[in-house]
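Heads up: the sequence lines are chains E and Z, in that order. Positions 576 to 1110 (the numbering used here) are the ones given, in order, by the first sequence. Positions 13 to 331 (the numbering used here) are the ones given, in order, by the second sequence.
Each hint should be verified, as a subset may be incorrect.
Below are the DSSO-like pairs computed for lysine-lysine, each with C-alpha atoms no more than 30 angstroms apart in a straight line [said to hold, decoys possible]: (1) K947(E) / K77(Z); (2) K75(Z) / K86(Z); (3) K829(E) / K606(E); (4) K876(E) / K865(E); (5) K642(E) / K613(E); (6) K787(E) / K86(Z); (7) K784(E) / K86(Z); (8) K745(E) / K689(E); (9) K77(Z) / K949(E); (10) K784(E) / K613(E); (11) K949(E) / K30(Z); (12) K75(Z) / K30(Z); (13) K876(E) / K606(E); (14) K787(E) / K876(E); (15) K949(E) / K642(E); (16) K583(E) / K642(E); (17) K75(Z) / K947(E); (18) K606(E) / K642(E).
Read the hints as simulated data drawn from the structure, not as lab findings.
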Amino acid sequence: MMYISRWKALGILLTTLFVCLLAVPNFFPEKTVQSWPKWAQRHVVLGLDLQGGSHLLLEVDTNAVRKEKLEQLRDDVRRVLREARVGLSSAPVVRGTSVEVVVRESDLQNALTKVRDLSQPLGGILGGAGQRTLEISNQGGGRIQVTLTEPALVERIRQAVEQAVQIIEKRINELGLVEPLIQRQGNDRILVQVPGLGDPQRLIELVGKTAKLDFRMVDETVTAEQALASRPPPESEILYGTSREGRTPYVIEKRILVSGADLTDAQPGFDSRTSEPVVNFRFNSAGARKFAQATAENVGKRFAAVLDNEVITAPVIREPILQGSGQISGSFTVESANDLAILLRAGALPAPLTIIEQRVVGAGLGQDSISKGKDASYYGSALVVVFMVVVYGLFGVFASVAVAINVAMIFGVLSLLNATLTLPGIIGIVLTIGIAVDSNVLIYERIREEVRTGRSPITAIDAGFTRALATILDSNITTFIAASVLFFIGTGPVRGFAVTLGIGIITTVFTAFTLTRLMVAWWVRWVRPQKLAIS
Amino acid sequence: MRLHSSIPMLRIVPDDTKFDFMRFRRISFPASAVLSIVAICLYFFVGLHFGIDFVGGTLLEVKTKTGQPADLAKMRTTLGALALGDIQLQEFGAADRVLIRIPQQPGGEAAQNAAKDKVTASVGDEVLIERAEVVGPRISTEMLATSTVGLMAAILAILVYLWFRFEWQFALGAMIANVHDLVLTVGYMSLMQIDFDLSSIAALLTILGYSLNDTVVIYDRIREMLRRYKRMPMPDLLNISVNSTLSRSIITHLTVTLSLLALLFFGGHAIHSFVSTMIFGVVLVGTYTSVFIAAPILIYLGVGTTRAAVEETAETVKV
């Protein structure tokens, strides 16, 4: 048992060396590491709590998606029935999760066929069991109920999240940030992590804004005051705009002349006369045509640029705008004009997103945590090493070497996994220093016991190792189970703790089984102890 | 120095200790029962101080721009005027650092962000926001649920593992001992009003892992002794097992304590409550439990009784 073959010893040493070497890129500046081959570049990523940055978790507003989808369905039903010249006793309305329409009994069969044509088979994974997007039921008396199926809604939300991820990516890339992480989470969530951003509020505004821009006419049949006093005309609504004077109500037609989806470009600029910041935009050909037609028909009237139900500007159309480009002036600052241009270029989010979790750490605080974490690690290891050497002498030195290699290996594995090191992660490493010693203590104490039962030194060491290793394995597996559970339930920093703790347990068991044994085996061969003194 | 032929230089624990740990069960069991009841009462009557991870709300860590000590009374008046409920202010580690806790606002996720913006705007001239965390009601509810489930799952997974490796009595004994640890730790957290958040769950799971680690080391030895001494009465056998692992237990706990103390004194204020919980759970409770609860409880769970019975039947057959 205490004899370890040369090949085995070599294997152990090479493995240990290799894992330790994996940690090397962490000690060089980023610039230097980038010139190395790809496989050698893996390194530990500092968590947002250590390097500062923003963590945002966004959720797609499922209700908004459902509402939009149902309204679209209502319009589709109205359209197909009108095209088929079906007589309606009552126009289609959204009720709960379905659209209801009452048709003349004589047209019922025709109407049912037309509405059924709207339903499509669900593609992809969800369409496995012949699922369709709509369920159509005949309620009797000419009443038809069209229900949006749950899989269809889920599919729509999935698409919305996918599009939203791309749009947020575009928006954030425009800010030129280093290594942003944008990731879908679960069905309806998006995780955005941006390290080291100076102005988190700006990020929140850029990421969270739907940025749905439309151009609509101002309804001038009533004044805003009249509309507020009674109610706006049925085809119009009251929207507000914010200017330097405060919030102003406007009566705006619901009909959209041109939407932001038709924009091809948007750039911040300055108005040539007032030199105020503005946003210049350009439409695609379809948008340009629609815009030209609308402005030609409405010269002298006011139209409005509406962003997320907020009126940005409502100028009078002085002349038809035919070239397909224009300018939005509002009360912009240089930065807000720039941000609006970014939002318009990236496009609108397919559905509103809500920020459901937000954690922002300043870079200074992170730096502080790193230096304190380092201090704690140094003092912690120093205390443990001194203690072990005092208690076990030379064997204590072995244990300290094993612990030092353990820490190096933890960093090696973290680098290999490109794992994130967080403040709780540092706690995990310091705790590993304490617990890695335990495996050595278990072995040494066991050897001592074996010696006391009268065994010769070498057989005592042998038996001590064999018995202690079984215990080491048993006792570490329990902690490992706890660490794995923590990994699955934890997020962010806490997950970082689970990672270092878990890796620490693995390296601890590894070094106990191999390295510590190797060191003791060599010592035995070198010294050939006749007797292990016990105090 | 003759290094080569000596392992130990210093004996922390003398060899061949013969403490009668099992006799203490008449004290330790009632004591633990009383302490557990006290802890449960603390939980129900004082209550855990839930952090924003589990109840939602906003947490801001701010630093005065001047570097002068923060005027908490003035901030309290300023923020009180915002009518955002019970805003708590607390000096955090240094006189110029303040932790601002804004309770969960009615009105869903958007209301939380709005509240944060209001507070930022009203104190923003005087302080720098070093850290801002906003947790909406949905996430906090979810986190509480996953954490509870996770903690249960961990206990269950460890129970199953121990059941495989030992006999069911050992698994059950370890569980009773370690749930006892968790109960006491939660009581301690209620008493000290430590923020109970995700990192507290991490602390609880680590305490669970480590104190089981300790228990398993003793149980391993008990199992070995059960095989070796077929006729020794259980209390004696348990005493031998605990005594023979005593040196290891104490040395290991000293090293873990040293690491934790280093974290407590040098690790900064941010991890203070995490580390103090760990010290309570691992060092104070965990050690005591494995020796005075986990081992003696095996007597009541009937470990070793079947062993005697088997032997007796064997003997009768022989006769």
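Evaluated hints:
About 22 angstroms separates the Cα atoms of K947(E) and K77(Z), which keeps this hinted pair within 30 angstroms; it holds. A threshold of 30 angstroms between alpha carbons decides the hint, and for K75(Z) with K86(Z) the separation of about 15 angstroms falls inside it, so the pair holds. Of the pairs offered as hints, the one joining K829(E) and K606(E) is violated, with about 54 angstroms between alpha carbons and a cut-off of 30 angstroms exceeded. Between K876(E) and K865(E), the direct Cα distance comes to roughly 16 angstroms. Compliance with the 30 angstroms bound is thereby established for this hinted pair.
With a C-alpha separation of about 48 angstroms, the suggested pairing of K642(E) with K613(E) is violated against the 30 angstroms cut-off. Of the pairs offered as hints, the one joining K787(E) and K86(Z) is violated, with about 42 angstroms between alpha carbons and a cut-off of 30 angstroms exceeded. As the CA atoms of K784(E) and K86(Z) are separated by approximately 35 angstroms, the hinted pair breaks the 30 angstroms bound. Simply put, K745(E) and K689(E) have alpha-carbon atoms about 40 angstroms apart, too far for the 30 angstroms limit, and the pair is violated.
A threshold of 30 angstroms between alpha carbons decides the hint, and for K77(Z) with K949(E) the separation of about 27 angstroms falls inside it, so the pair holds. Restraint check for K784(E) and K613(E): not satisfied, since their Cα atoms lie roughly 37 angstroms apart, outside the 30 angstroms limit. A hinted pair counts as satisfied when its Cα atoms are at most 30 angstroms apart, and K949(E) with K30(Z) does not qualify at roughly 42 angstroms. Restraint check: the Cα-Cα separation between K75(Z) and K30(Z) comes to about 56 angstroms, which exceeds 30 angstroms; the hinted pair is violated.
A distance of roughly 59 angstroms separates the Cα atoms of K876(E) and K606(E); the hinted pair therefore is violated under the 30 angstroms criterion. As the CA atoms of K787(E) and K876(E) are separated by approximately 23 angstroms, the hinted pair is consistent with the 30 angstroms bound. Between K949(E) and K642(E) the alpha-carbon distance is near 53 angstroms, which puts this suggested pair outside the 30 angstroms criterion. Between the alpha carbons of K583(E) and K642(E) the distance comes to roughly 67 angstroms, so the proposed pair goes past 30 angstroms and is violated.
Of the pairs offered as hints, the one joining K75(Z) and K947(E) holds, with about 18 angstroms between alpha carbons and a cut-off of 30 angstroms not exceeded. For the suggested pair K606(E) and K642(E), the alpha carbons sit about 50 angstroms apart, so the restraint of at most 30 angstroms is broken.
Comparing the model with each earlier hint shows violations of hints 3, 5, 6, 7, 8, 10, 11, 12, 13, 15, 16 and 18; every other hint is respected.
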